[in-house]
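Q: Using the sequences and the accompanying hints, generate a full structural model.
So the sequence lines, in the order shown, correspond to chains A and B. For the first sequence, this note's numbering gives the first residue as 1, with consecutive numbering after it. For the second sequence, this note's numbering gives the first residue as 113, with consecutive numbering after it.
The set of hints was computed from the structure by calculation and includes no laboratory data. You may find that some hints are simply not true.
Claimed, not checked - With a cut-off of at most 30 Å between alpha-carbon atoms, the simulated DSS-like pairs for lysine-lysine come out as follows:
(1) B/K156 / B/K121
(2) A/K56 / B/K153
(3) A/K60 / B/K152
(4) A/K60 / B/K164
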Amino acid sequence: GNSVTQMEGPVTLSEEAFLTINCTYTATGYPSLFWYVQYPGEGLQLLLKATKADDKGSNKGFEATYRKETTSFHLEKGSVQVSDSAVYFCALWDNYGQNFVFGPGTRLSVLP
Amino acid sequence: DTAVSQTPKYLVTQMGNDKSIKCEQNLGHDTMYWYKQDSKKFLKIMFSYNNKELIINETVPNRFSPKSPDKAHLNLHINSLELGDSAVYFCASSERSAGGRGEQYFGPGTRLTVT
Numbered sequence: 001g002n003s004v005t006q007m008e009g010p011v012t013l014s015e016e017a018f019l020t021i022n023c024t025y026t027a028t029g030y031p032s033l034f035w036y037v038q039y040p041g042e043g044l045q046l047l048l049k050a051t052k053a054d055d056k057g058s059n060k061g062f063e064a065t066y067r068k069e070t071t072s073f074h075l076e077k078g079s080v081q082v083s084d085s086a087v088y089f090c091a092l093w094d095n096y097g098q099n100f101v102f103g104p105g106t107r108l109s110v111l112p
Numbered sequence: 113d114t115a116v117s118q119t120p121k122y123l124v125t126q127m128g129n130d131k132s133i134k135c136e137q138n139l140g141h142d143t144m145y146w147y148k149q150d151s152k153k154f155l156k157i158m159f160s161y162n163n164k165e166l167i168i169n170e171t172v173p174n175r176f177s178p179k180s181p182d183k184a185h186l187n188l189h190i191n192s193l194e195l196g197d198s199a200v201y202f203c204a205s206s207e208r209s210a211g212g213r214g215e216q217y218f219g220p221g222t223r224l225t226v227t
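A: Next up, the structure:
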């Protein structure tokens, strides 16, 4: 079946540090890939997406590249801010099987 | 306008009670979902529903039942509430028909506390 694996958190960084949150997936077809962000006390918001191999999704300084050869979609940001503190979820949409799968989430804390 | 809305935002109730959480989406999507998020932030899908089929996660107790009066609404009814039902419940919607990329849009969540 389809699955998404993320690096375990919590991840704690100082402001302006470089961020990487690893995400790998298993899927039977050619899924679309997503990163969602959940700020404290809020629902999940779509952060970025990529729908085919080698696509790069980007938003708010975050980027992730769809790597089919390594089945990965790692989230990166060059310089994090305190306001980026949140839980980040990697997810996939399997259009063939018509199901949506979330990873377990990675909590990021950015210290001033 | 809020794309996916839920009411109430907070719900505190006693064990054994029956309660409902309402969800509405104004995105014109064909599919709606309910998720349960535990204290460790893990998201568990409970149901997905469109006008053709209801898919139930087999691990969800039958005390939980989704009710959809129309395409834009999917309410969650819970009978005989238990302490372990305390969690945050999220409603979401997506377009699953041909051409839809499947991305889901979430409501703000309902924090349910059972005492």
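Q: Would you mind marking each hint as holding or not holding in the structure?
A: Status of the hints after comparison with the structure:
Under the criterion of a C-alpha separation no larger than 30 Å, the hint pairing B/K156 with B/K121 is consistent with the structure, at around 19 Å. Between A/K56 and B/K153 the CA atoms are separated by roughly 27 Å; this keeps the pair inside 30 Å, and the hint holds. Proposed proximity of A/K60 and B/K152 is supported: the alpha carbons are some 26 Å apart, at most 30 Å. The suggested pairing of A/K60 with B/K164 is violated, with an alpha-carbon distance near 37 Å, which exceeds 30 Å.
Hint compliance for this structure: hint 4 alone is broken.
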